[in-house]
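> Residues per chain are reported as follows:
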Amino acid sequence: MRTLSVLRTQAFRIVFVYVAVFALSVSALLGFTYWNTERALDAQTDQIIDAEITGLSEQYQRLGLRGLAEVVMSRSAHGGPGLYLLLDRGRQPIAGNLDGIPQSTLHLGEQIEFDYERRVEGQLERRRARGRIFSLMGGFQLLVAQDVHERYLTEKLFSTTLPWTVALMLLLGLVGGGLMSRNMLRRLDQINRTAGEIFAGDLSRRVPVSRAHDEFDTLAESLNRMLDRIERLMKGVREVTDSVAHDLRTPLNRLRNRLEDTLRHLDTSGKEAGEIEAAMRETDQIIATFNALLLIAEADAGVTRGAMAPIDLVPVADDVAELYAPLAEEKGVTLDIKPAGATMIEGNRSLISQALANLIDNAIKYTPEGGHVSVWPAVTPVGVDLTVADTGPGIPEAERARVVERFVRLETSRNSPGTGLGLSLVAAVARLHGARLILDDNAPGLKAVIRFPRPSPVSRGAARR
Amino acid sequence: MRILVIEDDLEAQRYLVNGLKEAGHVVDDAADGDTGLTLALSRPYDVAIVDRMLPKMDGLDVVAEMREHSNATPVLFLSALSEVDDRVKGLKAGGDDYLTKPYAFVELLARIDALMRRRSPSSVKTRLQVGDLELDLLTRAAKRSGTAIDLQPREFRLLEYLMRHAGQVVTRTMLLESVWEYHFDPQTNVIDVHISRLRAKIDKGFELPLLHTVRGAGYMIRAHA
Ligand SMILES: Nc1ncnc2c1ncn2[C@@H]1O[C@H](COP(=O)(O)OP(=O)(O)O)[C@@H](O)[C@H]1O
Ligand SMILES: [Mg+2]
Numbered sequence: 007m008r009t010l011s012v013l014r015t016q017a018f019r020i021v022f023v024y025v026a027v028f029a030l031s032v033s034a035l036l037g038f039t040y041w042n043t044e045r046a047l048d049a050q051t052d053q054i055i056d057a058e059i060t061g062l063s064e065q066y067q068r069l070g071l072r073g074l075a076e077v078v079m080s081r082s083a084h085g086g087p088g089l090y091l092l093l094d095r096g097r098q099p100i101a102g103n104l105d106g107i108p109q110s111t112l113h114l115g116e117q118i119e120f121d122y123e124r125r126v127e128g129q130l131e132r133r134r135a136r137g138r139i140f141s142l143m144g145g146f147q148l149l150v151a152q153d154v155h156e157r158y159l160t161e162k163l164f165s166t167t168l169p170w171t172v173a174l175m176l177l178l179g180l181v182g183g184g185l186m187s188r189n190m191l192r193r194l195d196q197i198n199r200t201a202g203e204i205f206a207g208d209l210s211r212r213v214p215v216s217r218a219h220d221e222f223d224t225l226a227e228s229l230n231r232m233l234d235r236i237e238r239l240m241k242g243v244r245e246v247t248d249s250v251a252h253d254l255r256t257p258l259n260r261l262r263n264r265l266e267d268t269l270r271h272l273d274t275s276g277k278e279a280g281e282i283e284a285a286m287r288e289t290d291q292i293i294a295t296f297n298a299l300l301l302i303a304e305a306d307a308g309v310t311r312g313a314m315a316p317i318d319l320v321p322v323a324d325d326v327a328e329l330y331a332p333l334a335e336e337k338g339v340t341l342d343i344k345p346a347g348a349t350m351i352e353g354n355r356s357l358i359s360q361a362l363a364n365l366i367d368n369a370i371k372y373t374p375e376g377g378h379v380s381v382w383p384a385v386t387p388v389g390v391d392l393t394v395a396d397t398g399p400g401i402p403e404a405e406r407a408r409v410v411e412r413f414v415r416l417e418t419s420r421n422s423p424g425t426g427l428g429l430s431l432v433a434a435v436a437r438l439h440g441a442r443l444i445l446d447d448n449a450p451g452l453k454a455v456i457r458f459p460r461p462s463p464v465s466r467g468a469a470r471r
Numbered sequence: 723m724r725i726l727v728i729e730d731d732l733e734a735q736r737y738l739v740n741g742l743k744e745a746g747h748v749v750d751d752a753a754d755g756d757t758g759l760t761l762a763l764s765r766p767y768d769v770a771i772v773d774r775m776l777p778k779m780d781g782l783d784v785v786a787e788m789r790e791h792s793n794a795t796p797v798l799f800l801s802a803l804s805e806v807d808d809r810v811k812g813l814k815a816g817g818d819d820y821l822t823k824p825y826a827f828v829e830l831l832a833r834i835d836a837l838m839r840r841r842s843p844s845s846v847k848t849r850l851q852v853g854d855l856e857l858d859l860l861t862r863a864a865k866r867s868g869t870a871i872d873l874q875p876r877e878f879r880l881l882e883y884l885m886r887h888a889g890q891v892v893t894r895t896m897l898l899e900s901v902w903e904y905h906f907d908p909q910t911n912v913i914d915v916h917i918s919r920l921r922a923k924i925d926k927g928f929e930l931p932l933l934h935t936v937r938g939a940g941y942m943i944r945a946h947a
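Chains as they are written, first to last, in the numbering used here: chain A, 7 to 471; chain B, 723 to 947.
Looking at chain B on its own, in the form it has when it is part of the complex (with noise of 0.2 Å):
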């Protein structure tokens, strides 16, 4: 995949670039806004990583002056703002997610695969599988092997996003934030006890385990073991 870093941080770009490229990623990387737009703008790239505040221009236009230029590559902002009203800033200006500074590299990683998935038109459909494990989205019924599942709305919310990222890393504050609408720390971490549940209602009782926790990251949720 091909990636946009604008970050004028050039110890943090590199180590993201570094990471990135590590991770099996094309990257292309600018330190300031004017080259970053430059670039987004006569390339094709899969995802946009872009810091919020940049040289000679910010962070927020460059993604206001993509969008104008009906570039729509997605786009993850890294800020080291306060949080609260930022955020809403960012996504109002045309970004599609938002991390806060210092963020684990795993967290961004599976940001950018989710916003990378996003693209495809996949998003419609109405009826997700994983293994022998299907979701009906119409119908909101749930079953493995043929067995129906019985799930309360929210436990629904948060498999069908775990499926709909299958074979992906999904992070527990990309659950919290999709699944629950929070952007805040839990303290005590919730998420876990909410997949416990979750997986004792699809996986117990089978051979194949589905949902599997990746350490140090969050949880995925794949046929093969």
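Isolated chain A, as found in the complex (with noise of 0.2 Å):
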């Protein structure tokens, strides 16, 4: 699994294409090389034998066949690396230090290469040889070659070896590529746990930073300083928000207290005791509106991430909906669970429920008497989805972007009671888990939904350490 993994990099790919373009090259230049210098030396050889051929042709034509023979006999004597073999009319042989030659290659007036055998040291060898035979008048042959065994052996350690070399080669880029996009793999690595494990709440995480001053090392110092201004960040909003919370907090605890007060001293059937009441309504609105927003803020700001971990949302759709079934029966809306299998994602557990519960709040409060809600978690193709569905008037097109926002309420809901922050939040926790809030027209009717990212092997990787 790790090697296939390996395989799969793209610093892999490039090493592989980058090797097998140069081993191309490679035994191209060698092959033109190769082929260049064997023209070559042909060509000398060539010469060699013509200006032999025209030479004995001379010495033919001077002193007869006799002479030639004499000729050929004195050179093929001389056991260099000129070779003669004269014929006669019946193609036996009258002089010339060959024994003949194979049929095949009897081509006249052509360059031939042939193999022959000679005696060097004693022993017999066979070696390689190129010639040409002409016809003499009268319808003798003279073959006159030059042994080429030297060439002819390079030729053939050449073309044993060739391909070897580009294997080895190619073998050799292979595993250095191989090392190398491991060692890179490896960076990557480290640099995706850490981004899991942050994502997963542990902020004070860091990418490890080698001591070899690298590309990687780099984009390890700058994503830390990004790590750190992050944190600090963080750590700013989530002090804002509690000092926030505790500024306001204490005067309102204060502002309830004195009116409870007030209202347990008082004689009940009062005028007074009524509106001690109402302001104590009044002041509990104002604390639900404000322990609202500052939800809302501490979702966006991902202070309350630390309780991340895999959850079933069937469960979690099953017991929001149960919490919620008596009301919509009361209401005279149906409200269903379709089933369906496990649908794991990394989430908050509370937070998601709140989540559902406003979209179910919303779904029962807004659908008329014989409406149906149906709610359900759905692992789909683009992701894991938990839908709230309802038969109501639905959000027109347009307004679907707003109502989102803060205190967005339609003046069609007016006479219902709320605060309009109900779907704020619902898109505050989506985006706390990488999740979108989703509203479409569900003909007719809302179709919300939350459709969380599937959970990645990172993010579940950091959720198990």
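Simulated from the structure, these hints should not be mistaken for lab results. Incorrect hints may appear among the rest.
[Claimed, not checked] Simulated crosslink set (PhoX-like; lysine-lysine; CA at most 25 Å straight-line):
id, chain 1, residue 1, chain 2, residue 2
1, A, K344, A, K371
2, A, K371, A, K337
3, B, K865, B, K847
4, A, K371, A, K453
5, B, K926, B, K865
6, A, K337, B, K865
7, A, K337, B, K814
8, A, K241, B, K847
9, B, K778, A, K241
10, B, K923, B, K865
11, B, K865, B, K811
12, B, K778, B, K811
13, A, K241, A, K344
14, B, K811, A, K241
15, A, K453, A, K337
[Unchecked claim] Away from chain A, derived, C-beta distances all over 10 Å, residues of chain B:
id, residue
16, R724
17, L850
18, K865
19, V891
20, T910
21, V915
22, M942
[Claimed, not checked] To spell it out: a stretch of chain A is covered by chain B in this simulated footprint if at least three of its residues, at any positions, have a beta carbon under 8 Å from a beta carbon of chain B; those stretches are:
id, region
23, 147–161
24, 250–259
All figures in this text were calculated on a predicted structure; none of them were measured in a lab. The beta carbon of each residue, even a glycine, is placed where N, CA and C say it ideally should be.
Two chains, two frames, some hints: make the complex.
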């Protein structure tokens, strides 16, 4: 699995292509050099042969067959690279240092290559020669050739070693590339893992920096600087929300205490008591709005991320739907939850329950009697969806982006209770989970979907740790 | 009952102490963590109400110290901090309940009543009874005047919680937290609807109602009118 992942990396692909191109060009270069050298050597050999043929045919013209035979015999006895064979009309050797030539190579006038046997230091050796046969007047034939065995050996050596060289080059290149990309992969893995851990809530994690001072270290250092900044910001936000919470809750608490205290000491049937009760209800409304706003701010700041864990959306949806079922029944709206298999995500159960409660609450609140509300979690190709659909009036397309903003309520909803913060919280919880709140037409009605990303291996790994 | 209040906001402390005294409790108070801890360790209390943020010694540390000294006094945290993670921290430090400021005094009273009740060993009972209403915790069966009542699992838990706190006010938030384990505001009053369903099952057709609404506070189950 580990090697497979190395093979799939970009670094390895680059190395592979590079090595392949390199091997190809090296073989092309070597091949061309070889071909060119061979041609030059052949041309040289052919020149020598041509010169000899010219010389010998002059001898023949001047001295006749006998004279030629003598010259051939004397040259043959020389022992050099020159090879000769004079044949009579019946193709029987008359003179020369060759026993004969293979039939197949008998082409008049052309350059031929053939093997012949020769005694070298008492050993019979098969060697390669290159030459030409030409006809003499009177039906005689003369073969003049040069021993090219050295060149032949070089050629053979070259053609057997070239593929091996290329193979070795490819192998070394790939092994090197593999090691290199494994190293890169390890560094990338470290960055990925750190990102996963940070996403899982541990903001103090940093990407390890090696002493190599390479590009990865530069990247790691900038990432770490960025993370420092983010951590500082988050801490700041946390402190601000904490102190805003503290500084507003303390006076609100005193206000509520004072009202309660006054109420306790009043005659409950008097007019003042009614006024104080009304003031307390207002205070509670302010407190509820304030708490909702604070929670949205916290979710957006990622302050609550510490409690992320793998959770199954099915029981979460079941429980919230069960909480709202009697309310729906009382309103004459059917609430059903569609069955689903396990639907795992990384998340905060409490916040997701609350977001889902807000969606179901809206669906029941805005759907008139006789309507339906359906809740269903599902794994889809695009993500993990938590859907609440109703058959109520829905939200006009032009308003869908707006209703998610804080305090926005549609004109038509003026008469139903609410603060206009419900969907804002759903959207903030979605953002905290890397999810999206999608409002869609249920034709008729509203279809609200919280679309979670499928749990990635990285975050799953981080959660296990 | 003896109650210890550790709260540094003196005005809030005054209202708290007065309210508790009016409700018939004996109250000691402290305005910082050190004094509070000394008091908590030197005298027996039925409940301690501890503010989360205190001068000298943080509320969390006070409770952690108390637990270190094997002091098991039930603790209710009061906190003006933003809630979500803080509740978990409070309970981890050894707190038994957690209330965010601003709170309703009736909520606080109901919760300390519940905390004090929790200390008594009666919680190992296998049968609960209020008047002629019986709940068998082993067979999960409910009966009133000998007639079986068919309850959904959640209705059973709701009734069980109410009966465990028979004679005490139980608030909607307490029910939402202990029966459903939710710590959020469900916007619409869903608990009321669950209660009225339960009421229809246990009280309908009987002369004497057992499940009562306590105005401005919550619910209570009791045998006498
Ligand atoms: N299911 C729905 N059907 C129709 N309109 C809806 C639905 N859900 C939300 N809306 C509209 O979006 C607005 C904002 O919703 P929300 O943020 O939950 O605030 P609230 O419910 O407190 O008014 C609502 O006032 C309502 O006009
Ligand atoms: Mg709403």
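> Which of the numbered hints are not met once you compare them with the structure shown?
6, 7, 8, 11, 13, 20, 21 and 23
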